[in-house]
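Student: Residue strings, one per chain:
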Amino acid sequence: MNTESYWSIFINASLVNNFVLAYFLGICPFLGVSGKMETATKMGGAVTFVMLISSICAYGIHALLVAIDAPFLQLISYIVVIASTVQLVEMFIKKMSPTLFRALGIFLPLITTNCAILGLALFQTNKAYSFSQSLVYSLGAGIGFTLALILMAGIREQLEFAEVPDVVKGTALTLLVAGILSLTFMGFSGLGT
Amino acid sequence: MSTRITNNTDKKSEPSSTDEFIKGLWRENPVFVQVLGMCPVLAVSNTAQNALAMGLATAFVLLMSNILVASLRNFIPKQVRIASFILIIATFVTIVDYAIQAISVDLHKNLGAFISLIVVNCLILSRAEAFASKNTLGKSIMDALGMGVGFVFALFCLGAVRELLGNGSLFDVAIFPESFQEWIIMILPAGGFFTLALWLVVFNYFKVKKAKG
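So the sequence lines, in the order shown, correspond to chains A and B.
At the far end of the first sequence sits residue 193, using this note's numbering, and the numbering has no gaps.
At the far end of the second sequence sits residue 1213, using this note's numbering, and the numbering has no gaps.
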């Protein structure tokens, strides 16, 4: 059993080992939906929600798989749970806000293939977190993801007005900004131990 | 059924199977042109060896899942196709995960959770959905080989640059003299972003030049 304190888990997951900027998880939506602030915020919310649910499910599944001694089923069962959760969120958003549904577009079903979520489920299992620790961990990771997305969206909205050379336009520019953001987040490394 | 297949086939792709192979290497390179499957590309490309191992593992899963998806494409109902593809991919990733663990425990430790994360590599799912589910077995194999080799090539480009500058070596063999001051930043996460950005700039440069000339 892991005895890390809740606060330390939270800071570690959200800032020090930020899923996007330190672990490179969830880069696709990070590059894809960080163009506008509003979509970025809502995407962050959706991802955080899916993370929370799948973290709870992953905890249950892990306990079950240990009980029946079938660790090789871990990956397959995790991905099925995540896919179903995403389907649920997709139906919910479609019903509640068709505008947001259109704005998120293809990136909504692609939350399934967001490595951040599967990564979270795998990491919490590897670190042997208890149930409440897993919850805090997934919340921290979700908030960290949202934070990175919002920071990126803010910078990219400003960059719209900047003149950049043709060759750097598009993904290359976004990656350069991401690199600088990642450097900034290295400053947090003194916080967690 | 046949009309659906012809309608959805990528209009740009040529019918010959060699072309399906070549396109993955350069014109539609999964990393540099399509910008797919970024997470493992950035995360495990800190040394050339890790990058190569990760690339080969991904290429293997890509090939096997493309073969299976193409063979089963007429049996999988359209509504549950994504779920089926993911299950097929997850099965092969589990195999690769255990195989790497059996071959080299050190390598398995270096790559860490990123082997399991091949499941959610958008490249593999996108090839299954966009190509293998609509084309014959032979073409799908060529497509997977091309994309796989293109992916390995891209990962190696990144890994080599990062290891060379960040560690002064290539495949753990020292290249630069002792006096070389390592660029630690290249091994850190930020270096991954910068290196990939620069490779994209190189590719864009050729694209812009070709468009102008």
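Do not rely on the hints blindly, as some may be mistaken.
What the hints assert, rightly or not - To spell it out: a stretch of chain A is covered by chain B in this simulated footprint if at least three of its residues, at any positions, have a beta carbon under 8 Å from a beta carbon of chain B; those stretches are:
#, region
1, 6-13
2, 21-35
3, 50-62
4, 88-99
5, 148-156
6, 175-185
Hints were generated in silico from the structure; no laboratory data involved.
Glycine residues also receive a C-beta, built at the ideal position from the N, C-alpha and C atoms.
Student: For each hint given before, does the structure comply? Return the numbers of the non-compliant ones in rising order.
Tutor: Going through the list in order, the structure violates hints 1, 3, 4 and 5 and respects the others.
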